[in-house]
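Protein chains in written order, with this note's numbering: chain A, 20 to 251; chain B, 6 to 86.
Incorrect hints may have been included.
Only pairs whose alpha carbons sit at most 25 angstroms apart, straight line, appear in this in silico DMTMM-like list of lysine to aspartate or glutamate [what the hints assert, rightly or not]:
| # | chain 1 | residue 1 | chain 2 | residue 2 |
| --- | --- | --- | --- | --- |
| 1 | B | 24 | A | 57 |
| 2 | B | 24 | A | 204 |
| 3 | B | 16 | A | 163 |
| 4 | B | 15 | A | 228 |
| 5 | A | 93 | B | 70 |
| 6 | B | 45 | A | 132 |
| 7 | B | 15 | A | 238 |
| 8 | B | 45 | A | 126 |
| 9 | B | 15 | A | 126 |
Worth flagging that the hints you see were computed from the coordinates, not collected in a lab.
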Amino acid sequence: MKFGVIVFPGSNCDHDAYHVISKHVGQPVDFIWHRDTELSSYDALIIPGGFSYGDYLRAGALARFSPVMNAVKKFAESGRFVLGICNGFQILCEAGLLPGALIRNRDLHFICEHIFVRVETSDTPFTNEMRPGTVLRLPIAHAEGNYVCDDQTLAELQREDRIVFRYCDQQGNVTDSANPNGSRDNIAGICSRGRNVVGLMPHPERACEDLLGSSDGRDIFRSLAATLAAVA
Amino acid sequence: MKAKVYVNLKKGVLDPQGKAIQHSVELLGYSGITDIRQGKYFEIALDSGLSETAAHESVSRMAREVLSNPVIEDYRVEIEA
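With the rest of the complex left out, here is chain A:
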């Protein structure tokens, strides 16, 4: 199985993602420059965090027009796996691969801290090694992580079990005080209707080594590796 990490001008978590795939998942991985359009040799893509195009216009808005994004759309439509982390989640929403949008945090601050999220569904390629209700401690680092969508989209996400992660307290209670950025329904991550595209604001790739304060992020990559091994 082969992984690709997409690199836009301004991506800055690309090396973290690369490191985790090569060291903890133990699989071959390439950096893919945003001008490349050939993705046929890959099984899974990571759209990493950062500030693509300086967050100009809206976070993720300009990255959507990079040549690679048409190829990413086709890649996703073919059922292969795409994980968007932080800015990657914002890009997937702007590109219409995931519904909703991410706006300025409720309190306007850039928030950089460890938070807790609850795994809401095991039914995605990125969470199938975890039980629903599992609490993960992961770092967030964003100013625009406040997830918004209309009532109809929210109802659809709930009905179709597509809310993948919710902000919660250490015990797993989903409360407003555990919601760092004001996201609707405490949403920290969602998946596409086909369940193969997942976006989340927290950074699991920065939480794969105890030295970094948490290794809970590994379970997400372990799930993906298990999915790919089952498919192969």
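Put chain B on the given structure of chain A with help from the hints.
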């Protein structure tokens, strides 16, 4: 010819920046403010050979596809000869 595009958050979408600005101006003593919403404004210089209708159509498409995010924002286009 010039196009002006105004992009604003849709009604009902929380605008934390607008709220913070409102709070600050109220602290300065400005009274009677019931709400402040922050938006974006674009000035686009256009080839004078374009017809006003063609310009409006082209800039509206640009506003819909790029300048605004239809999930959270509305836009308005004005063309000036």
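Can you list which hints this structure breaks, lowest number first? Hints 1, 4, 6 and 7 not satisfied by this model.
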